[in-house]
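Student: Take a look at the letters that make up each chain.
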Amino acid sequence: GESVGLHLPTLSVQEGDNSIINCAYSNSASDYFIWYKQESGKGPQFIIDIRSNMDKRQGQRVTVLLNKTVKHLSLQIAATQPGDSAVYFCAGTKRGSQGNLIFGKGTKLSVKP
Amino acid sequence: SQTIHQWPATLVQPVGSPLSLECTVEGTSNPNLYWYRQAAGRGLQLLFYSVGIGQISSEVPQNLSASRPQDRQFILSSKKLLLSDSGFYLCACRTGTGVGDQPQHFGDGTRLSIL
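Going down the list, the sequences are from chains A and B. Position 46 of the first sequence, counting from 1, maps to 46 under our numbering, and the rest follow consecutively. To convert a position in the second sequence, counted from 1, into our numbering, add 113.
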């Protein structure tokens, strides 16, 4: 079946280091992907998105890479800060689905001071 | 940009009692609206979505129902809650028409505990 999953449930990094969170998807028809950050007790917060006609997109301290050949995307956070500690979800959709998203289970990022 | 309001933030209900969770959206018109449930430590499961007033699509068979009485109001209901209905309920909104690529934006959720 269709799925969007994450490689690791937890990731621990030192403050100031770069973080890389990975995600794999199964549906080759998926053409739009989103990364969300969820802090404890709150709803997911949009971070960055990427369309399938791109392989890289940069935001403020974040970069998303998309490899359609192996159906993999990653979120890179530069100079990770304590405020980046949260659960990160990737989500994917496919054309014609009314924007419905399929979410992965999430990776918990912990930043050590 | 849109703002999604959900209330209450937390709710404790006995088994068999009714439920009504409300979501309202500001800053947009004719949005797509979504209800999700998130179990502890898990991803989000889509329960219902709506592309317009009175239009509800259900993703999974369940004990819950949804209604959209106004353009920017989405309600999640149950006549009799089950223990398995416990969870974190999130409302989301997506602006834009057609199938254009726009992210969904989320409210801060309702934590529902069934006793």
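To be clear, the hints were calculated from the coordinates, so they are not data collected in a lab. From a predicted model like this one, the values you see are computed outputs, not experimental measurements. Note that CB positions come from ideal geometry on N, CA and C, so glycine has one too. Take these hints with a grain of salt, some might be off.
[Stated by the list, open to error] To give an idea of the interface, some chain A residues facing chain B are shown, with a C-beta separation under 10 Å as derived from the structure: (1) 27; (2) 36; (3) 38; (4) 43; (5) 46; (6) 49; (7) 74; (8) 78; (9) 81; (10) 82; (11) 84; (12) 85; (13) 89; (14) 103; (15) 105; (16) 108.
[As the list claims (entries may be wrong)] Short, incomplete list of chain B residues facing chain A, as computed with Cβ under 7 Å: (17) 139; (18) 140; (19) 220.
Student: Hints first: check each against the structure and report whether it holds.
Tutor: Results of checking the hints against the structure:
no. : hint : result
1   : 27   : 15 Å, violated
2   : 36   : 8 Å, holds
3   : 38   : 9 Å, holds
4   : 43   : 3 Å, holds
5   : 46   : 5 Å, holds
6   : 49   : 5 Å, holds
7   : 74   : 18 Å, violated
8   : 78   : 21 Å, violated
9   : 81   : 22 Å, violated
10  : 82   : 21 Å, violated
11  : 84   : 18 Å, violated
12  : 85   : 16 Å, violated
13  : 89   : 6 Å, holds
14  : 103  : 4 Å, holds
15  : 105  : 4 Å, holds
16  : 108  : 9 Å, holds
17  : 139  : 15 Å, violated
18  : 140  : 15 Å, violated
19  : 220  : 5 Å, holds
Hint compliance for this structure: hints 1, 7, 8, 9, 10, 11, 12, 17, 18 are broken, all remaining hints hold.
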